[in-house]
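Build out the structure end to end from the sequences listed, making use of the hints.
For the protein sequence lines, the chains are A and B, in the order given. Here the first sequence is numbered in full-length UniProt numbering, starting from 1 and rising by one per residue. Here the second sequence is numbered in full-length UniProt numbering, starting from 1 and rising by one per residue.
These are calculated hints, taken from the structure and not from any lab test. Where hints are given, some of them may not hold.
Treat identical chains as interchangeable: a pair holds within one or across any two.
[Said to hold, decoys possible] Derived DSSO-like pairs: lysine-lysine, alpha-carbon spacing no greater than 27 Å straight-line:
1) 533 x 352
2) 235 x 16
3) 306 x 472
4) 533 x 330
5) 537 x 195
6) 256 x 352
7) 437 x 16
8) 306 x 537
Each chain, letter by letter, is given below.
Number of protein chains: 2
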Amino acid sequence: MLGTERSAQIEARLAKDAYDTEAWQMLLAEAQNVGTEEQHRDAFDRFLEQFPTSGRHWALYVEFELRHGRTDLAEAIFARSLREVLSVDLWKSYLAYVQRNNEHGGNEGRQIVLKAFETALQYIGMDKDAGGIWSDYIAFIKAGETSSTYEEQQKMDATRRAYRRVIAIPVMNVEALWRDYDAFENGLSRMTAKKFLAEQSPIYMTARTAARELKQLSEPLQRGSLPCPPRWSDKEMSQLAAWRRYLDWEKSDPLKIEDAAARYARISFAYKQAMMVLRFYPEVWFQAASFALEHSRNEEAIQILKSAIDIMPHSFLVNFALAEIYEERKQVAEARALYEKFLDQLSDDIAKMNESMTAEIAAFEAQHQRGGNIDGGGGADMATSSTTDAFGETDGEEREEARRLRGYTLAAIVMMRFVRRAEGIKVARQVFSRTRKSPHITYHLFVASALMEYYCSKEAAIAGRVFELGLKSFSDPDYIREYLDYLIRTNDNNNARALFERTINMMPADRAQDVWRLFLDYTCDYEELTNAKEVEKRYLAAYPQGKQGSMILIIIINGY
Amino acid sequence: MLGTERSAQIEARLAKDAYDTEAWQMLLAEAQNVGTEEQHRDAFDRFLEQFPTSGRHWALYVEFELRHGRTDLAEAIFARSLREVLSVDLWKSYLAYVQRNNEHGGNEGRQIVLKAFETALQYIGMDKDAGGIWSDYIAFIKAGETSSTYEEQQKMDATRRAYRRVIAIPVMNVEALWRDYDAFENGLSRMTAKKFLAEQSPIYMTARTAARELKQLSEPLQRGSLPCPPRWSDKEMSQLAAWRRYLDWEKSDPLKIEDAAARYARISFAYKQAMMVLRFYPEVWFQAASFALEHSRNEEAIQILKSAIDIMPHSFLVNFALAEIYEERKQVAEARALYEKFLDQLSDDIAKMNESMTAEIAAFEAQHQRGGNIDGGGGADMATSSTTDAFGETDGEEREEARRLRGYTLAAIVMMRFVRRAEGIKVARQVFSRTRKSPHITYHLFVASALMEYYCSKEAAIAGRVFELGLKSFSDPDYIREYLDYLIRTNDNNNARALFERTINMMPADRAQDVWRLFLDYTCDYEELTNAKEVEKRYLAAYPQGKQGSMILIIIINGY
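Structure, rendered in structure tokens:
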């Protein structure tokens, strides 16, 4: 869009990886260097859509607009970001803007600035780095002109109030602020100073201790980094652990805040900061929501989980957590809709992945064809080496697909169980009947449905039919093992033996061993010796490498 | 007994460890140095009672008797040992003795010597180190005087037969023997030699290849070492592995022996050698017996296992293996008697161990008392340090005791199952009723009995009563988990919940977690959300460290 060769390279990188943070930084720099004002603005917008929690870049954007005299746009940016992005930098920039605008506004102007300070402190005053704003705020109060003793008294009260608020907060400069406060009180009256300072001292001491701990805890946190979906690198894991330590510390209430709402607000603020940086970690959102729920802030919990789902529509954790809240609140329709949407999302992803695999295979085959046509032998060599690569990747993709199918099925099972609880077994059976036809289902759905019939509706006969139905689509030894285990556990040994006999020879030997072992264990423990010996003999014929004598004895001894 | 200070030290070592091989060697040496003839004889007898498979020491013993002119005793030693101990040394010593005795016996004497050679080769001729005996044998045949062409012809035939037998065996000097044979045939007739050697050559080649492999396989085997109960050291494990490699090689039939009986004899010989050295490894005996069974040598298998039980009366493997053979042969009384004897053995061991623990504790307490009386503070210090030691040891002994009780119970379970198969459920119930009163029983007997009732006699009601009965003696969380699992699996959810409720608070929290998880999993998967949430809440109250939000979700996600 900027038209330069460099920008084309940058765009290519972003097309390949939408979270290539270096490329994003280059994009901003390139827009600044060669772009028009509009292009530069566009770059900011694109950047902040991708990284909406980066206060530093919001502040840069504001600065850019102000440099171009577009106060209207600067104000719009403030409106979009201030309340969402808990950034000291951004609020500082806002306060500077308000102060500049009201420099010559007289008393009315002063009131506007004071109001802005109050708002800022309300949003960001708890931040460990908000100490500068607090200093500015107090300085601004002190600088107020007074024309009467009453006004002077009022200013003094406001100053004292501000000091007392901040020396209870573990901001990094709390010690300097306490010295200022000390000087302030002593400047007024040595007598009252002694009393007041003695009163405030324990509060300040607690905050000072906390500030020291907080400094240590914050040191490893990279608050300024641009949030990206985790790749579970060591660095990411250690960031996550550092954040967890910090959150645990906040939850331990080191300031011993008496007021429950204030205590909640402080911990909630910590979670908000964590969610900004660890934007793509579902468990952080989940824990923030759980914390809200524990304090009966149900709406807040729902909002947190909704935001999390917007950001991470594939997350099982946050989707299930929200559905569970809906179910508890008897919002059956909402829960059902959420499950359906989640399943659709997973289904679409699988379809897209399959498409891209098909396309890749087609592309590979086309290339193979071409290679073969052009230069015979050499082409064949090339093709062979590509085949290996392509196959290696295909294996990985197949594993990925299996994982996705398993995930889809898990979601379907959770929904089916929810429907049974909320709408009864009949509706749950409908869900099962519909879902089982999906091409994305694994055998686990049949196991879950059968056991639901057995445990919840006590319908062993239906359970058996469900298992039997599953056998038409799935001959996976793991499925057969589950089915066999069910038959054994329900004492249906005729059917157990029948199932074993009609499936055991259909399974590849290297995957049938668990089924063999289950049946052999059962036979050895509970059937007649001739049966046991016969099964053992067949087992040893199927797995001659294990032929070291009696399996029965080996099972017994292993059991010991 | 020898009266020396040194011998007293040796006896003390042997009293402490009956398998202190170094002390045993010292005992023999001391008897030789300072003992009377009778004392030396006594030392040999004691030594060989402890190490009855040491051919070397049997040979030394014979030599000792011969040195003292006691041919009667020497012959008695040969009679005791030759057939049992497959020792080339011992047989060589015997052959030397026979030859010496018949040196001047004329033809009759020659026949005796020849017979002795034949017997020796029958027992030991397959040994890789028997090549010397074969050479001597051939030399002895060759040295025979002849007085007619007919006799000369006979001698030639006998020599040829002997050569042909040995060049088919992988003795270490088979190459030299082949060269001798080549010279022998060529010495008779170049014409027939060519034909005969061509005929025998493939057999010899196979033996030669096998001899080379055997040389390598035998290198790590310490055949001369005195067998001791294993302590599972690295050295012992690598010996075991080396023997296993050797046995596997023999079982692969590298000589491609056509005659089944001869093939069996050779492998059986390898097992016998292994059982001599790995005397205290039940699995070697078990495999030898299994090999015999596979070739329908049932009596031989029984004899092997009986010997193994004499040597290792505590071995589960060999006892169970023999009982299984009896059961298969419908020798119910023998099987029953064997199980009873095995249980008595285990029971006695536990009683003895308990006695020795009681004695130790008494000794410790007496010492403690004394220490306290004599020197107050210092004594208390001593006592404290002993306490730690004594307690440390007691812990180990308690673990050992638990292991023994578990073993006793396993044997009781195996017997109970055998009785059910062989004599029916009623007799099995009698066994259960009697056994459950033993002080050595663990809860596993109740689980086994209950599941036997459920699976074999389909008596769910009795199964429930058995579990309930067990609960009177056992509150082990593992037992409760088994019981709960049974109730859940049999869909008895009222009783499942009742069991959970009346036991969960009796269990120490650190051991109850499995019961909690089982019940929570079940509740989350199959019960109503309110139930699940309630159990979850109680779980989180019991285990606050896990309080990271919804357990239900964590179970679901973990399941994924």
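Do the hints match the structure? See the list:
Taking CA atoms no more than 27 Å apart as the test, residue 533 paired with residue 352 passes in neither setting, with 52 Å inside one copy and 37 Å between copies. Taking the shortest alpha-carbon separations for residue 235 and residue 16, only the intra-copy value of 23 Å comes in at or below 27 Å, while the best inter-copy value is 58 Å. Taking the closest pair of Cα atoms, residue 306 and residue 472 never come within 27 Å of each other, the shortest separation being 39 Å inside a single copy and 52 Å across copies. In this assembly of identical chains, the alpha carbons of residue 533 and residue 330 lie at most 27 Å apart only when taken from different copies (14 Å versus 56 Å within one copy).
In this assembly of identical chains, residue 537 and residue 195 lie within 27 Å of each other by CA distance neither inside one copy nor across copies; the values are 93 Å within and 48 Å between. Proximity of residue 256 to residue 352 under the C-alpha cut-off of 27 Å is found in neither arrangement, the shortest distances being 52 Å within a copy and 61 Å between copies. Within a single copy, residue 437 and residue 16 get their C-alpha atoms no closer than 35 Å, and across copies no closer than 73 Å, so neither meets the 27 Å cut-off. In this assembly of identical chains, residue 306 and residue 537 lie within 27 Å of each other by CA distance solely across copies; the values are 24 Å between and 59 Å within a copy.
In summary, the numbered hints that this structure violates are 1, 3, 5, 6, 7.
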